[in-house]
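Please arrange chain B on chain A, whose structure you already have, making use of the hints.
Sequences listed follow chains A and B, in order.
Using the UniProt record's numbering, the first residue of the first sequence is number 1, and each one after it goes up by one.
Using the UniProt record's numbering, the first residue of the second sequence is number 1, and each one after it goes up by one.
Watch out, some of these pointers could steer you wrong.
Unchecked claim - Taking lysine-lysine and the DSS-like style, the derived pairs with C-alpha atoms no more than 27 Å apart in a straight line are:
1) A:Lys278 <-> A:Lys289
2) B:Lys48 <-> A:Lys38
3) B:Lys117 <-> A:Lys37
What the hints assert, rightly or not - Just the calculated beta-carbon pair ranges, DEER-fashion:
4) A:Asn181 <-> B:Pro115: 32 to 40 Å
5) B:Thr169 <-> A:Gly195: 45 to 53 Å
6) A:Gly250 <-> B:Glu171: 31 to 39 Å
7) B:Asp142 <-> A:Asn186: 24 to 32 Å
8) B:Arg61 <-> A:Thr58: 34 to 42 Å
9) A:Asp189 <-> B:Gln91: 30 to 38 Å
10) A:Gly250 <-> B:Ser54: 54 to 62 Å
11) A:Asn186 <-> B:Cys183: 24 to 32 Å
No wet-lab data here; the hints were simulated from the structure.
All C-beta atoms, glycine included, are put in the ideal place defined by N, C-alpha and C.
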Amino acid sequence: MKPFEYSKAENTTSAIKLAGNSSMYISGGTNLIDLMKKHIHEPDKLIDLTDAVSSEITVQENGIRIGAMVRNSTLAEDSLILDKFPLLSRAILKGASPQIRNMASTGGNLLQRTRCPYFYDTALPCNKRIPGSGCGALEGNNRMSAVIGYSNSCVAVHPSDMCVALVALDTKVEILKPDGNTEMINFEDFHRLPGDNPQKDNNLPDGAIITAIEIQNNSFNKNYDYLKLRERESYAFALISVAAALELSGNLIREARLASGGVAHKPWRWKDAENFLKGENATEENFKKAAELAIEKIAPLEDNKFKTEMLKGAIQQSFMNCVTNR
Amino acid sequence: MKTEASNTYSRRFFIKSSSAFTTLAFIPNSVKSFFYQVKEKFFVKKQKIPLSVSINNKEYRLDVDTRTTLLDLLRENIGLTGTKKGCDHGQCGACTVHIDGERRLSCLTLTAMIPGKEITTIEGLAKDGKLHPMQEAFIENDGFQCGYCTPGQIMSAVACVQEGHTGSTEEIKEFMSGNLCRCAAYNGITRAIQKVAP
Numbered sequence: 001m002k003p004f005e006y007s008k009a010e011n012t013t014s015a016i017k018l019a020g021n022s023s024m025y026i027s028g029g030t031n032l033i034d035l036m037k038k039h040i041h042e043p044d045k046l047i048d049l050t051d052a053v054s055s056e057i058t059v060q061e062n063g064i065r066i067g068a069m070v071r072n073s074t075l076a077e078d079s080l081i082l083d084k085f086p087l088l089s090r091a092i093l094k095g096a097s098p099q100i101r102n103m104a105s106t107g108g109n110l111l112q113r114t115r116c117p118y119f120y121d122t123a124l125p126c127n128k129r130i131p132g133s134g135c136g137a138l139e140g141n142n143r144m145s146a147v148i149g150y151s152n153s154c155v156a157v158h159p160s161d162m163c164v165a166l167v168a169l170d171t172k173v174e175i176l177k178p179d180g181n182t183e184m185i186n187f188e189d190f191h192r193l194p195g196d197n198p199q200k201d202n203n204l205p206d207g208a209i210i211t212a213i214e215i216q217n218n219s220f221n222k223n224y225d226y227l228k229l230r231e232r233e234s235y236a237f238a239l240i241s242v243a244a245a246l247e248l249s250g251n252l253i254r255e256a257r258l259a260s261g262g263v264a265h266k267p268w269r270w271k272d273a274e275n276f277l278k279g280e281n282a283t284e285e286n287f288k289k290a291a292e293l294a295i296e297k298i299a300p301l302e303d304n305k306f307k308t309e310m311l312k313g314a315i316q317q318s319f320m321n322c323v324t325n326r
Numbered sequence: 001m002k003t004e005a006s007n008t009y010s011r012r013f014f015i016k017s018s019s020a021f022t023t024l025a026f027i028p029n030s031v032k033s034f035f036y037q038v039k040e041k042f043f044v045k046k047q048k049i050p051l052s053v054s055i056n057n058k059e060y061r062l063d064v065d066t067r068t069t070l071l072d073l074l075r076e077n078i079g080l081t082g083t084k085k086g087c088d089h090g091q092c093g094a095c096t097v098h099i100d101g102e103r104r105l106s107c108l109t110l111t112a113m114i115p116g117k118e119i120t121t122i123e124g125l126a127k128d129g130k131l132h133p134m135q136e137a138f139i140e141n142d143g144f145q146c147g148y149c150t151p152g153q154i155m156s157a158v159a160c161v162q163e164g165h166t167g168s169t170e171e172i173k174e175f176m177s178g179n180l181c182r183c184a185a186y187n188g189i190t191r192a193i194q195k196v197a198p
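Extracted from the complex, chain A is given alone in its bound form (with noise of 0.2 Å):
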């Protein structure tokens, strides 16, 4: 690892203050220690965010706030998330481990870099780790990597399972901006396709810190599920998973949530499936026709082709298993 100072930040301005050139800051650090220590990042500083940020999660008028320093293991068990979006829940406990969840921070999350095997080998290309130097996955090993839009530069999906959930479940993410504005952003305009500068995971401005997400009050807490498939069954990353929710009235679709980890640059919502759900009744005809409608656009590579029908299955699965098991 490459010397660096340390700083503990009070409050998010003095965070900011703090910040250089070449800082980083640090919540859970369970990617970015990992990081530091294969040399990808290399800061002069590093900025810890723990008392700096809240861990607080609070009941809004029409919705939750959840702080940024909320760690994954308590976000997964909090009462109120359970009993709201229990999809949140289950998507956070079908990543890492416990023991990683205990650390994880629920802004560190979304910041989470790719597991794309190119990036973490320093002796390989890696347009996303050195611009420039190539795509390593793109004709190489892209077993795991993006069947959608990706671009010649980039291959690599994004890791999370919690953003999955997030993005289905229609999250802001609050940001502190280093001019000290505050900003709501979707989240699905949080994260980023890699297009021509994949080194950029996201649209978070330099220096900035995410301060807390809100979610949404809505009727996606009885009808869920979230499918995560990998190569074991626990402690692994996704090849393919599918956050599924609807809204019924009786059997009636009211509304439909779909969306994808292991497929793209970013988590994916497969919103052509969505709205031909909405109004449909709830029927396995009418899921495979949905599924069928997210495939449609899909373009795997050599050794991910297996992901289309993977995916077209655990997408049918995943809404049957919405209207079967509660």
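Leaving out everything else, chain B in the frame of chain A:
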């Protein structure tokens, strides 16, 4: 504690090594990286901070490099080698300790971030010369073979019981999935936890 490294080396050493670095441009990369490592070791200013940490109910006052992980502090600075270094990248769970009663990975924890917190390691589980019930249960149920992952497994298992994630074999396996055992003593580990679970 060691004095600042740069003070212990003479002017002559500095001049000699500077001229060595000048010739670097003509030397292949492998040799270069060796010289850079030497340079980092002796000439890059390391950041040391004074800390007071509480481990197994004992206070330690130390000057540590900001880069020191809790795992390295335990093993290298304090000499508590019960906590094991498996992968050092948060993938195996061998370095699991309790921080304020919660199980966490010491290899991904910066020592600089833990003052004021109570750390418990495998050495702190036994009380008054008597093993913790989980340690007894691991012995009785063959919860290990080579034993390298065992301290991490036991720390994780104690927390698993405290968290109440022992409702079924499946739940235990899911909530112990962060601790890998390449001898695959998983059945023994699960049995040991079931023995201790309420």
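Evaluation of the provided hints:
1. A:Lys278 <-> A:Lys289: Within the cut-off at roughly 13 Å; holds.
2. B:Lys48 <-> A:Lys38: holds (21 Å)
3. B:Lys117 <-> A:Lys37: holds (24 Å)
4. A:Asn181 <-> B:Pro115: 32 to 40 Å: holds (33 Å)
5. B:Thr169 <-> A:Gly195: 45 to 53 Å: holds (47 Å)
6. A:Gly250 <-> B:Glu171: 31 to 39 Å: About 34 Å separates the Cβ atoms of Gly250 of chain A and Glu171 of chain B, which means 31 to 39 Å holds.
7. B:Asp142 <-> A:Asn186: 24 to 32 Å: violated (53 Å)
8. B:Arg61 <-> A:Thr58: 34 to 42 Å: Taking Cβ atoms as reference, Arg61 of chain B and Thr58 of chain A lie about 38 Å apart, which means the hint holds.
9. A:Asp189 <-> B:Gln91: 30 to 38 Å: 32 Å Cβ-Cβ, so the 30 to 38 Å window holds.
10. A:Gly250 <-> B:Ser54: 54 to 62 Å: holds (59 Å)
11. A:Asn186 <-> B:Cys183: 24 to 32 Å: Cβ of Asn186 of chain A to Cβ of Cys183 of chain B: about 49 Å, so the range 24 to 32 Å is violated.
Checked against the numbered hints above, the structure violates hints 7 and 11; every other hint is satisfied.
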